[in-house]
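**Student:** Chain by chain, the residues run as shown.
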Amino acid sequence: MEKERKPKNIFVQGPIAPEKIAQSIANHATKTDIGGHSIFLGQIRADEKPEGKVIAIDYTAYEEMALEKAFEIREAIFAKYPLTCMHIYHSLGEIKVGEICLFVFTSSKHRKAAMQACDELVERIKAELPIWGKEILDMDGHVWKVNT
Amino acid sequence: MSNRIHIKAFGMVAEKIGQVSMELENPGTTEALKNQLFDQFPVLKSMKFSLAVNKKMVLEDSELVSGAEVALLPPFSGG
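Those sequence lines, one after another, are chains L and B. Taking the working numbering as reference, the numbering of the first sequence is continuous, increasing by one, and the terminal residue is 148. Taking the working numbering as reference, the numbering of the second sequence is continuous, increasing by one, and the terminal residue is 79.
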């Protein structure tokens, strides 16, 4: 019988620790039908803007809507690709340059489904989740991030 | 009977209007609400934002029911 999936919290307060990513990989060791994982990690970049250099991004979200939408996206990706597992984590709050703010993890029997699903998930997360990044500058100010 | 709606503002929109939430008399439709907000906050006229009603994106003029939660959403920039 297929397990019923429920909306999960995707939000993490603060940066995503590399140890959490390692632990998440280790947690899949018992799932021996997996043949390939695909991982995307978003990292805060020290962009140079005309107004100053980015030193951190402060993320806020319309959390209730984002979780509903993330669930919808998750279900659609599960329906489209033969995946064993899918995990999404997004940071909230202030994340400094060099730190990880997005962790997307897909697993499948064969690599292609995992890689394509991971790519599509990242694109949909950026385009459809009500999350905003305020870029904090070294010049005592901020600009709102624009996704390209 | 009271017919009010709840407004939530996020990101740059919240910053520009200086508020994250408001209660308003229900103007009836999303277009009427937009016009009312433009009168109250002229800064919104030059901003790009979308509306979500009860957590669903609204792409065309829609009726607002009493108690609706309307969110003002600037372009998303997660990830």
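A portion of the hints provided could be inaccurate.
Stated by the list, open to error - Across the chosen pairs, the derived CB separations fall in these ranges:
1. MET57(B) to ALA79(L): 41 to 51 angstroms
2. GLU123(L) to PHE38(B): 46 to 56 angstroms
3. SER2(B) to ALA29(L): 29 to 39 angstroms
4. THR148(L) to ALA32(B): 50 to 60 angstroms
5. THR30(L) to GLU63(B): 43 to 53 angstroms
6. ASP33(L) to SER2(B): 52 to 62 angstroms
7. SER46(B) to GLY98(L): 30 to 40 angstroms
8. LYS8(L) to LYS56(B): 37 to 47 angstroms
9. MET139(L) to SER50(B): 24 to 34 angstroms
10. SER2(B) to GLU63(L): 41 to 51 angstroms
11. ALA17(L) to GLU63(B): 30 to 40 angstroms
12. LYS8(L) to THR29(B): 56 to 66 angstroms
13. HIS110(L) to GLY67(B): 21 to 31 angstroms
To be verified - To give a feel for the contact side, a few chain L residues facing chain B, derived at Cβ under 10 angstroms:
14. ILE55
15. ILE57
16. VAL122
17. ILE125
FYI, nobody ran anything at the bench for these hints, they're computed from the structure. Note that beta-carbon positions come from the ideal geometry of N, C-alpha and C, so glycine has one too.
**Student:** Now tell me, hint by hint, if it's right for this structure.
**Tutor:** Hint check results:
1. MET57(B) to ALA79(L): 41 to 51 angstroms: violated, 21 angstroms
2. GLU123(L) to PHE38(B): 46 to 56 angstroms: Taking Cβ atoms as reference, GLU123(L) and PHE38(B) lie about 33 angstroms apart, which means the hint is violated.
3. SER2(B) to ALA29(L): 29 to 39 angstroms: At 57 angstroms between Cβs, range violated.
4. THR148(L) to ALA32(B): 50 to 60 angstroms: violated, 34 angstroms
5. THR30(L) to GLU63(B): 43 to 53 angstroms: 51 angstroms Cβ-Cβ, so the 43 to 53 angstroms window holds.
6. ASP33(L) to SER2(B): 52 to 62 angstroms: With Cβ atoms ~56 angstroms apart, the hint holds.
7. SER46(B) to GLY98(L): 30 to 40 angstroms: holds, 35 angstroms
8. LYS8(L) to LYS56(B): 37 to 47 angstroms: Given about 20 angstroms between the Cβ atoms, the range is violated.
9. MET139(L) to SER50(B): 24 to 34 angstroms: Between MET139(L) and SER50(B), where Cβ atoms are some 30 angstroms apart, the hint holds.
10. SER2(B) to GLU63(L): 41 to 51 angstroms: violated, 27 angstroms
11. ALA17(L) to GLU63(B): 30 to 40 angstroms: For ALA17(L) and GLU63(B) the Cβ distance comes to about 46 angstroms; the hint is violated.
12. LYS8(L) to THR29(B): 56 to 66 angstroms: At 35 angstroms between Cβs, range violated.
13. HIS110(L) to GLY67(B): 21 to 31 angstroms: violated, 49 angstroms
14. ILE55: violated, 17 angstroms
15. ILE57: Hint holds; ILE57(L) Cβ to chain B Cβ min 9 angstroms, cut 10 angstroms.
16. VAL122: holds, 7 angstroms
17. ILE125: With Cβ-Cβ at 5 angstroms, under 10 angstroms, it holds.
The structure is inconsistent with the numbered hints 1, 2, 3, 4, 8, 10, 11, 12, 13 and 14, although it conforms to all the rest.
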